[in-house]
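My request is simple: use the sequences and hints to build the entire structure.
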Amino acid sequence: MRELVVIGGGAAGLAAAVSAYDSGIRDILIVERGTELGGILNQCIHNGFGLHTFKEELTGPEYASRFIKEAEERGIEHVLGAMVIDIKPHCVTYVCPSGVVMEETKAIILTMGCRERPRGALNIPGYRPAGIFSAGTAQRLVNIEGYDVGKRIVILGSGDIGLIMARRLTLEGAKVLAVAEIMPYSGGLKRNIVQCLNDYSIPLYLSHTVVDIKGKERVEGVTIAAVDENRKPIKGSEIEFECDTLLLSVGLLPENELSSKAGVALSPVTNGPVVNDKLETSLDGIFAAGNVLHVHDLVDYVSEEAAIAGRNAAEYIKGSFVEGERVAVKAINGVRYTIPQYISKEAGSVTIRFRVSGVFENKYIVVRKGDDVIKRIKKRILTPGEMEKVELSSVDFNDDITLEVSNG
Amino acid sequence: MAKSEFICINCPLGCMLTVEYDGNEIISVKGNTCPRGDKYARQELLAPKRTVTSTVRTEGSVHRRVSVKTVPEIPKKDIFRVMEEVKRTVVSPPLKIGDVIIHDIADTGSDLVATSDLGE
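Listed in order, the protein sequences are those of chains R and A. Just so it is clear: in the first sequence, position 133 is 132 by numbering that gives the first Met the number 0, and no numbers are missing. Just so it is clear: in the second sequence, position 101 is 100 by numbering that gives the first Met the number 0, and no numbers are missing.
Simulated from the structure, these hints should not be mistaken for lab results. C-beta: ideal position from N, C-alpha, C; glycine also. Careful, some of the hints might be misleading.
Stated by the list, open to error - To give an idea of the chain A side of the interface with chain R (calculated C-beta under 10 angstroms), a few residues:
| # | residue |
| --- | --- |
| 1 | I8 |
| 2 | Y20 |
| 3 | K86 |
Right, dumping it as structure tokens:
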């Protein structure tokens, strides 16, 4: 029986494997679906990765290569072109070029990442012409495969991938006509608004959405319209763009088909596993980290989180894992969710990551244990696009923890 | 005296910065709520710089593109001139991360450097 199987060799999987190794585990296998390690970082050729981890600005492939090197230096085994088709506690089944393999293992770490929300989830009317891509697919086609995706482009959604692609396609010679965002604020980082849109005079239409796609064989035009406070299109506000391509950058969903089939309890808010402070899921010996757990905006935080999962999986494998009573972490009043959702009573110190549900200025993040306030942090600004964290140290977790956005 | 506006990128607050200047002399920076905003506005006005990241065509490799970046950052105004040269370039394996593909690209003084390995 193997000690540890890591599912997915991207940012999270590599960091989890390296950390488990450094905690004394030697018999590790990373199972990767793609043809190389590194995951989605390989197609993220822009810079801005690694500021927290390496104190320098790296591109995606450079960031990935640092972790691949760390895994290689430790002799951590991996298999490529291998698709996991089933997991259950202490067993992973995958299909790879040499056949179907059932790998019995003491522990499993889920690091499958996330997927893009597709057009089908949006109810946009019109035919289904060629020329509609999710932003990440377009990113892969351009950066890895070397294709042009289009000449005149409209982007729906102002998430970071959409913004990055607006710049990328402009540099490649395409004309990006507009980025439409249904919310009154962008879900992307400020830096990307400035350096990907403003630098190239690409207009951002806030509180706008796509109401029509023209063209039967290929996209011929896209109509956007302003939306009211209920996100319903306002008649008469339509703007038409003649274009051949529509990119969708409308959110990411943790990829949990395997987890769900295995019976791992999932959160309806994050769409990822429910975990305790050790990042262990509801199933024995199955841990989770990275975008499969909740969607991150910075890869540095993915690596950090995955290292925690790796360490705890190692403790579990060595049998030094204490599974005691636990308390719940509750997200209320403007806090949308927290990771973890549970903390074991003897945890002592825990980092809680969370997101808020709207834009808040000059508020406090208040952490309570039972009715007692144990931490209060002033925040100049909180936005749904930026993941937040609070560190709780030396706390006796003998009552439920609550996080909220508060005036005082 | 002239005025320029910038959105600060240092944090999610995104302060609207107004710089008053006369030629190359900055008279005032307003709208910032911390010192980083002041510094950012001055740099954006006088010498805005960007890292250009892109890909270069390959020959003799299973990979059709290799990713690249400019080191150090180039003046913002030279981005499209640099891209013209990037688009004309074809490379062959082997390449390692950090290998210089073009010295002094488009006379900017910066190099175009590989950001991924390229094997056959």
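Hint check:
1. I8: holds, 4 angstroms
2. Y20: violated, 19 angstroms
3. K86: holds, 8 angstroms
Of the hints listed earlier, the one the structure fails to meet is number 2.
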